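K.L.:
Chains as they are written, first to last, in full-length UniProt numbering: chain A, 1 to 390; chain B, 1 to 390.
Just so you know, the hints here were simulated from the structure itself, not pulled from any lab data. The structure displayed is predicted, hence computed values, not measured ones. Careful, some of the hints might be misleading.
What follows is a list of derived Cβ distance ranges for each label pair [unchecked claim]: (1) ALA380/B to ASP375/A: 38 to 48 Å; (2) SER224/A to VAL69/B: 24 to 34 Å; (3) GLU108/B to ASP230/A: 33 to 43 Å; (4) ARG163/A to ARG354/B: 27 to 37 Å; (5) GLN355/B to THR38/A: 41 to 51 Å; (6) GLU316/B to GLY260/A: 49 to 59 Å.
Heads up, the beta-carbon is just placed ideally off N, CA and C, and yes, glycines get one too.
2 protein chains.
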Amino acid sequence: MISVDEALSHLFSLVAPLEAESAPLQDACGRVLAETVTARRDQPPFSASAMDGYAVQSSDAVPGARLSVIGEAAAGHGFAGGLSQGQAVRIFTGAPVPDGADRVVIQEDVAREGNTITLGDQLDEGPHIRRKGTDFSVGDAMKAPRRLTPSDVALLAAMNIPRVMVARKPVVALISTGDELVMPGEDPGPDQIIASNTFGLKAMLEEMGATARLLPIARDNTASLETAFDLAEGADLVVTIGGASVGDHDMVGDVAASLGMERSFYKVRMRPGKPLMAGRMGQAAMVGLPGNPVSAMVCGHVFLAPMIRLMLGLGEAPAPRRSARLAQDIDKGGPREHYMRATVADGTILAEDRQDSSLLSVLARANALMIRPPDDAPRAKGETIEYIPI
Amino acid sequence: MISVDEALSHLFSLVAPLEAESAPLQDACGRVLAETVTARRDQPPFSASAMDGYAVQSSDAVPGARLSVIGEAAAGHGFAGGLSQGQAVRIFTGAPVPDGADRVVIQEDVAREGNTITLGDQLDEGPHIRRKGTDFSVGDAMKAPRRLTPSDVALLAAMNIPRVMVARKPVVALISTGDELVMPGEDPGPDQIIASNTFGLKAMLEEMGATARLLPIARDNTASLETAFDLAEGADLVVTIGGASVGDHDMVGDVAASLGMERSFYKVRMRPGKPLMAGRMGQAAMVGLPGNPVSAMVCGHVFLAPMIRLMLGLGEAPAPRRSARLAQDIDKGGPREHYMRATVADGTILAEDRQDSSLLSVLARANALMIRPPDDAPRAKGETIEYIPI
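Just chain A, with the same shape it has in the complex (with noise of 0.2 Å):
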């Protein structure tokens, strides 16, 4: 058996990142910037107002002092002139600061009377002016890669910058095999179940940024599974969920292999998931995951979700993983990396009673992957564990 790291080593060696492509600013948010981007323009490109009121000469604001307006500074609509000792230029939020200004009194500090104002007996220290460039100045950049935020596009837009280059999001095939399995809405017969298994991945998928295909499922036989293969064609990643046991009735592996698949098979020191198979198959890479529910999910977040984003430039490194003080004292591990089904509230963290990876209405209600290393100790309550938020 090999570890969770050493097996995610192999599949990382399956996959590469895919090229970039042009996305609409519009439609790039929760996409990887690929290439680096510069700022167009300074922000903000002139010393603009921060407040509404007048702009003077900082000299002359001080308290009593009477200026004369000579003209109006709005947003879109600077002031063509310059502004001179003894002036003032009416000024609102966002319009450019007029030359020879350098202060701007708030419109709460200024009494005026036609084209006159008075300043007030207290003048707060100002300036009231965000100058240009403030924020950022041409050339400055946004790096690659980055998984783009709301507020990175509303940064980019501001950079003038209507179009980004960004992953192509990977496109995963995903087989459900077994003669057990029918589609939910189908009316299943007395030994069958329902496959749930590629609904829950293909969900997990494209949040994290894939294209998931939902494939017919394949029955235990040559030629339904080499149909589900064919029809594959294309995706950059072809998972198969079932069969990948050692069972006289898994063939996944042996079709795969004879449709040109240098197949691996993996024991992982892993709970719950243990067997894992993979491989490159033409384009494509393979991942045959195990059948059972929570197994499959579990999957999906230890191995899956680190592949699409080596895919999406984001590099080789495992599931992300937080901490949180353990509720309840717990027995020592087994010998293979446990990942025990938890809900993590107000940074604290308790693992379900039933940790079985046939329970899916158990993986519903936790919001955790709580992990214990292999040949764990005992731990007390109150000591920080680590956790995969799922």
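Following the hints, put chain B in place on chain A, whose structure we already have.
P.N.:
Structure of chain B alone, referenced to chain A:
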């Protein structure tokens, strides 16, 4: 001035939960379940083997026992008959356990010759059977409202639920206002800047589960604003950005009022983002946000996100908060609730040095809004403080 909570109460009174619509399960992740769903079957629907091995009677599961193999049960293909003492049925993971059997002996513990098996010297405790209904039973509920996760989608599939009723996505129309604005990719004049807020807010709203419509920029004149409001027809929420402060050139409120909006204007005791306009306008709620880029984005997190959640049926609640330990001592706070751009890493929060509300570059590298209540006392490094993740 009113508090953030008072402002939120006003905003909540402008919107209501939206109607439900049917969505296929494969498109339901991230949507909010609007009607409680009950399982249409037991899971497993029959007692099923958890391993590959042999189904036997537990009284026969003793070291060295010799049993006669009378048939085979595979996933999807159960064994039709019953099983008596002295008999075994070859069984695979997921197959129905034959009548009469109550134990599976794993294949590693069995030696087979023809149709006779001999059990090994050391047997595990078993029984390696997943009892009917262990995961869930007919009628077990997934309760609405609930934002569906990938695990929920897997569970719903297993319950044989092909479609679910989810809250309709709120439609939000976004209107930037101001003569100073041009769209990204255009060639701004010397007094102009690029519209960034609508792009950032669109991305934020869509992450929250809304559909956002980016309308053309409205200019600072009545006709242009009226056109923009016309184009917002059909939206559940109309959001204007800019024109919500008190300068002579802020005419959004006047035009909205002339179009029938019952206008309320609030000064909210918060930084950034003090001025806020709100009201009902025909079938839609209308909110006017301040024009400073960071103010608009912060108001999006603090005000728009809770409104969206209410429309999605998730109830009235402010933006969810977490807590972290302060990375540094901080001085006493000001009279307004301050949403400081900050970075959280490893449970520790560090506020950015520059908090000016024009700095999108600072917002983009932050991942949290650290919340200082009004008139907050000084705080020491290591104390916990609340924040909104962004």
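K.L.:
None of the hints should be skipped; say for each whether it holds.
P.N.:
Verification of the supplied hints:
1. ALA380/B to ASP375/A: 38 to 48 Å: holds (40 Å)
2. SER224/A to VAL69/B: 24 to 34 Å: holds (28 Å)
3. GLU108/B to ASP230/A: 33 to 43 Å: Check passed, 36 Å falls within 33 to 43 Å.
4. ARG163/A to ARG354/B: 27 to 37 Å: Holds, at about 29 Å.
5. GLN355/B to THR38/A: 41 to 51 Å: violated (25 Å)
6. GLU316/B to GLY260/A: 49 to 59 Å: Holds, since GLU316/B and GLY260/A (Cβ atoms, about 58 Å apart) stay within the stated range.
Comparing the model with each numbered hint stated earlier shows that hint 5 is the single one that does not hold.
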